[in-house]
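Student: Below are the chains, spelled out letter by letter.
2 protein chains.
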Amino acid sequence: MSIPNSITHILKAAPIHFGPFTVTTQVFHLTPHTYALVNLKPILPGHVLISPRRVVPRVTDLTPTETSDLFLTVRRVARMIERVYGASSLNIAIQDGADAGQSVPHVHAHVIPRKRGDLDSRGGMDAVYEMLDGEEGDLRDAFPRDGEVEEGAGGSSRRRRFPRVDNEERKPRSLEEMEGEAWRLAREMEKELDD
Amino acid sequence: MSIPNSITHILKAAPIHFGPFTVTTQVFHLTPHTYALVNLKPILPGHVLISPRRVVPRVTDLTPTETSDLFLTVRRVARMIERVYGASSLNIAIQDGADAGQSVPHVHAHVIPRKRGDLDSRGGMDAVYEMLDGEEGDLRDAFPRDGEVEEGAGGSSRRRRFPRVDNEERKPRSLEEMEGEAWRLAREMEKELDD
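Which chain is which? The protein sequence lines are A and B, in order.
In terms of the working numbering, the first sequence opens at residue 997 and continues consecutively.
In terms of the working numbering, the second sequence opens at residue 997 and continues consecutively.
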């Protein structure tokens, strides 16, 4: 399977940073000011993140141009994710600052595809919010820091801010699995219209 | 106290709709495609909503122009709310569709100012998410429908989707209180730069 054109474009733009982390091979969409990346431990299949390319912690740090580009990208990625994952709704959430639960000090919008009853066995419709702030949503250990080898996501430094709604252990995905999903989503984004 | 210029502008644009509800006197900011309104039962002081003027249920229903205008407004309102309420962080959240917990089928971004320890007595930092989907966040009974007299927000039709984290009863605010806050926030928005 040949490399998608958009992935070639992303690799040429490397390195792409998410806070202190290098995430280039997890990125599936790139615009002048914004990128979208797959997750190490998605809360639900298709849970992705959209960030400005410039590493800034707060929404108010963005320029108007960056703000428009970020949310036009959220809208396009959301449309693709809903289609590809067969969803009927989406949660879109930004924890803007540490006191709102932000774990990596770099603006990121969570886009999480939802279906009727998808969390019935895990605490109900709104369990997604607990999970966003539970172990699964804590991104700080999710990506290798620059120059580090990936250690997996079970490190003792992991913080737990909210009781988990279930006891299932979600193992971090391999880099190969994330890159495979990034390629697949890159191809799907190429089908989306620019509007 | 004289009526703020921006409120005069809003009243001339009346009626402003939030789904099936008329909310003109709760609106404190208006742009070509977007408005911001105060809440009947804010989760925390300064919890406001930003919506497109066109009544559409989903983010993907917005045009690119509406999308940019909505989120540039979110950013400007967020900056004002953080300043006026002395916050250090913000939660920004959209329940995009019924299966993501949307109660009123009209796009709306919640902006909720946060401070360190603000929810310590009510379940901790992330209780905000439970509350967003608990009784307090259910907006369907929050505003009088067109042509109806306000009944308060304790109606039996109210749904509870998530266990509440506390037992305190939050009474709906009066229209007078909401209008007072709308005027105050309108004046504060007039101080914000356009960028």
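Keep in mind the hints are simulated off the structure, nothing from the lab.
You may find that some hints are simply not true.
One copy or two, it doesn't matter: identical chains are merged, so the pair holds either way.
Stated by the list, open to error - With a straight-line Cα cutoff of 20 angstroms, these simulated EDC-like cross-link-like pairs (lysine to aspartate or glutamate) come out: (1) Lys1111 to Glu1173; (2) Lys1008 to Asp1095; (3) Lys1167 to Glu1184; (4) Lys1187 to Glu1175; (5) Lys1008 to Asp1191; (6) Lys1111 to Asp1191; (7) Lys1187 to Asp1114; (8) Lys1008 to Glu1186; (9) Lys1037 to Glu1186.
Student: Taking the hints in turn, state whether each one holds.
Tutor: Here's how the hints hold up against the structure:
1. Lys1111 to Glu1173: neither (23 angstroms within a copy, 38 angstroms between copies)
2. Lys1008 to Asp1095: Neither way: Lys1008 and Asp1095 sit 36 angstroms apart in one copy and 38 angstroms across, limit 20 angstroms.
3. Lys1167 to Glu1184: neither (26 angstroms within a copy, 47 angstroms between copies)
4. Lys1187 to Glu1175: Only inside one copy: Lys1187 and Glu1175 sit 19 angstroms apart there, 46 angstroms across copies, limit 20 angstroms.
5. Lys1008 to Asp1191: Cα proximity of Lys1008 and Asp1191: none, with 25 angstroms in one copy and 32 angstroms across.
6. Lys1111 to Asp1191: neither (25 angstroms within a copy, 37 angstroms between copies)
7. Lys1187 to Asp1114: Cα proximity of Lys1187 and Asp1114: none, with 27 angstroms in one copy and 44 angstroms across.
8. Lys1008 to Glu1186: within (17 angstroms within a copy, 44 angstroms between copies)
9. Lys1037 to Glu1186: neither (25 angstroms within a copy, 43 angstroms between copies)
Checked against the numbered hints above, the structure breaks hints 1, 2, 3, 5, 6, 7, 9 and satisfies the rest.
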